[in-house]
Amino acid sequence: MWSYTFRRILAAIPTLLAVITVCYLLLHMTPGGPFDGERKISEAVLANLQAKYHLDLPLWKQYLYYLNSLLHGDLGASFRYADWSVNDLVASALPVSATIGGSAILISLVIGIALGVMAALRQNSMVDYLVMFLGNIGGAFPSFILGPVLVLIFAVTLKWLPAGGWNHFDPKFMVLPIMLLVFINISTIGRVMRGSLIEVLNSNFIRTARAKGLPLRTIVLRHALKPALMPVVTLLGPLAISSITSAVVTESIFSLPGLGKLIVNGAANRDYTLVLGLVVLVTVITVVFNLLVDLAYALLDPKIRY
Amino acid sequence: MTNKQSLRAVAAAVALALASGSVLAAQVPAGVKLAAKQTLIRNTGSEPETLDPAVAESVPANTITADLFEGLTSADNNGKILPGVAESWKQADATTWVFHLRKNAKWSDGRPVVADDFVYGWQRFLDPKTASPYSETYGIFILNGKEIATGKKKPSELGIKAVDKYTLEVKTPYPVLFLPALVANTQFAPAPKAVIDKYGKDWVKPGKMVSNGAYQLKDWQVNSKVVVAKNANYWDAKSVVLSQTTYLPIEDSNADVKLYESGQNDWVLNLPPGTFDKYKTQYPKEIHNGELAALRYYSFNNKDALLKDVRVRKALSMVIDRDILAKKVTADGQNPAYSVMVHGVSGADPSSYDWAKWPMAKRVDEAKKLLAQAGVKPGAKIKFTYNTNDYHKKMAIFAASEWKSKLGLNTELESLEFKVLLKKRHDGDYQIARNGWNADYNDATTFLALVECGNTQNDNQNCNPKAEELIKQGNQSLDPAKRKQLFTQAVKMIMDDYPMLPLLQYTAPRLIKSYVGGVGQNPLDRYRSKDLYIIQH
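Line order of the protein sequences matches chains A and B. Mapping the first sequence onto the working numbering, position 82 (from 1) lands on 82, and the numbers just tick up by one. Mapping the second sequence onto the working numbering, position 236 (from 1) lands on 236, and the numbers just tick up by one.
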């Protein structure tokens, strides 16, 4: 297992390098530069700015300069947020996104799995229909509609919770964004769990267990749940990555200072170093989560060995 | 009027301004009961790109740095220029100004603010190493400023000198009558050299920043908030009522309103498009819609094969019904515009076109004739470029429909990402393009830049040498009235060339809680916390 993990990490290095290179080239090929604004800057002042950020060097030199900084753990200076380095910005945004995204995933898993199991055990009953209906609401409504509805109910009308914003991890600012992400996630988790458990419950080894007279509770908890969780585990990787890194809409609705906002602003402002820094981060997170999912497979399925 | 008489007139005007305008901050009217808690939360629309006044460029950055730093002069919430660190000033000769600094001005760490702090601050602002985006824009008004910003001279050659600890002499390359207004911009603020030397780029961070304004930096969480708290060492601290202001960087106007309605924000920056009337009815005591020194316009590429003919440009401008555009299309309280110069800007009057008062049918007939004379037939194609945004899209569709229904022209709409539009516009790679301008300072020259020959800001590629001559004469004049007359004449002359298509003068449709006092009306949309207060509610 350790050797497998080590090999996977080593294999991630060329992936990371390829992603950085492609992203680097694409950013520099995109029309419009970081200092283009409504008020045009004269050539001389533009040259000052370019010199300040090493953009006056040939592209290949800039690239090597960037890689060298990266090797030293320095993601560079942000062009847009002039007083902050990209390391500073990531360090301030990542905990926000990770807290919101991570909490949402955990809550969604508990609720989604529970609802999926309930629906699967009472297939085609009122409970099943109700659970699927509620789950589908979360899936059917886009977050940019569901989010403002939550704000309208809990912040504007009832005034129980803040409509948005952030204040040093104050929990009351987290409730609505987490609630929104949970609504969206549980429909997917619930539906996958339901389908998977139904399939497992119809398999031969469960039929054998039933024939042996084992109670349903034992069958589900001891024999069916583990294999039925496999598709949910498969979902976890992309779900976790998207919750943490791509919560652009959620962060916009609730004005959260997370990674999604940085990515959008970075791309719109042609903040090359910021975008590259976030790409590196997203790539690393993706590699790590995929690895964790693969390792979780081994724990859940005895047939899988690395 | 002779030069001496003009100088006397300017000096008298400055003296009058000082006499009539109290330097005191928040003017709380008699009978108004103040709330026990004097804190304000307001939205600035986006994250400030910096809190270093020398580098600040955006509206949010300038708004916050105006609380943190004070220059020689400052502008109150009605845009009136008041003494800042300088308690008085005079124009010694056509190109020399002398500022006398108050002796009780202090930095937030208690050190006195002296003339050398301004010399260092200004030299640092224009130093190419600082790479301030505004260095050349403002540098042209200080002797050698432009040359320093463009690396042709050393910062030490800047036209600013500390005559003694509390006297500054400023030289300008030509008479800059609005210099007291110009230096109210925080790019011209003093800078704390010892602190900058000690912390480098990090000197602007909470706990490190030393500032000389009415407020000091308390907290800064990127993309979340900036909090400024009253500076006890500020020379006029006794007049500062508001103890704390929290600035939010909310970009989405719908989210902004929701925060307002839930009580988390006292000041909506801009209402969502088309909601002005709705909120005017809903919150009649809280609605604001002040006119700004800012213009929405479309740039004509004057070098384009079709648009180089002034008749075509005129016809395209004549048939756009600005009244319908303002009332029905954008519907957010903005006002029709017919000139590059907008209302409320000092130094020139807006021009207008005779046809602006004609019935539309007559305008259409005339426009059709002009197109026929120019050899443009119905069915001809024009290309309009704008940046992807629903607001701009609505305006573009309206303009295209006006050109189609009234002149029979077919418009190809090209929607581009913002930076791509900017690149194309600055490169002259377009036919007609969306454009807009917010005044950097309250003087006609900030708008003239849009239509002057060869100016960096002139995206239209137009040039009128006769008008240019009038502008030059105006810039040399020491008589404010004569200068205004020359600039106004130049504006009229340029606009008769139809270099661009002025559409609307911006306003700031917003909600401000009725318990926020001292708001005023400021064409530059700059409201400092020093003038604000919270009424008991």
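Please note that the accuracy of each hint is not assured.
[To be verified] With a straight-line Cα cutoff of 20 Å, these simulated EDC-like cross-link-like pairs (lysine to aspartate or glutamate) come out:
hint	chain 1	residue 1	chain 2	residue 2
1	B	Lys201	A	Glu43
2	B	Lys152	A	Glu43
3	B	Lys129	A	Glu199
4	B	Lys218	A	Asp88
[Said to hold, decoys possible] Computed, partial: chain A to chain B, Cβ under 8 Å:
hint	residue
5	Arg7
6	Arg8
7	Ala140
8	Pro162
[Said to hold, decoys possible] Computed footprint of chain B on chain A; a stretch qualifies when at least three of its residues, placed anywhere within it, have a C-beta under 8 Å from a C-beta of chain B:
hint	segment
9	49-56
10	116-126
11	169-178
Calculated directly from the structure, the hints in this document are not laboratory data. Note that the structure is a prediction, hence the values are computed from the model and not measured. Beta carbons: idealized from backbone N, C-alpha and C, even for Gly.
Quiz item: Holds or violated: are the alpha carbons of lysine 129/B and glutamate 199/A at most 20 Å from each other?
Solution: Judged against 20 Å, a Cα distance of about 67 Å means the pair is violated.
Practice problem: Have a go at the arginine 8/A hint: is there a Cβ in chain B nearer than 8 Å to its own Cβ? | Solution: violated (33 Å)
Self-check item: Hinted contact proline 162/A with chain B - closest CB pair below 8 Å
Solution: holds (6 Å)
Quiz prompt | Given coverage of the segment 116-126 of chain A by chain B, tested with a Cβ cutoff of 8 Å and a minimum of 3 residues | solution = With 0 residues closer than 8 Å to chain B, the segment 116-126 of chain A misses the three-residue bar; violated.
Quiz item: Taking 8 Å as the limit, does the beta-carbon of alanine 140/A come near enough to a beta-carbon in chain B?
Solution: With a closest approach of 22 Å, the alanine 140/A hint is violated.
Quiz prompt | Given hint arginine 7/A near chain B, where the shortest CB pair must fall under 8 Å | solution = Nearest chain B Cβ about 38 Å off; hint violated.
Quiz item: Under the criterion that the straight-line Cα-Cα distance not exceed 20 Å, is the pair lysine 152/B, glutamate 43/A satisfied?
Solution: With a Cα-Cα distance of about 13 Å, the restraint between lysine 152/B and glutamate 43/A holds, given a limit of 20 Å.
Quiz item: Counting residues of the segment 169-178 of chain A with a beta carbon closer than 8 Å to any beta carbon of chain B, are there 3 or more?
Solution: violated (count 0)
Quiz prompt | 20 Å limit on alpha-carbon distance, applied to hinted pair lysine 218/B and aspartate 88/A | solution = Holds, at about 18 Å.
Quiz item: Okay, the segment 49-56 of chain A and chain B, do three or more residues pass the C-beta test at under 8 Å?
Solution: As far as the segment 49-56 of chain A goes, the hint holds, because 3 residues have Cβ atoms under 8 Å from chain B.
Quiz item: Is the straight-line distance between the alpha-carbon of lysine 201/B and that of glutamate 43/A 20 Å or less?
Solution: Outside the cut-off at roughly 25 Å; violated.
Checked against the numbered hints given earlier, this structure breaks hints 1, 3, 5, 6, 7, 10, 11; the rest are met.
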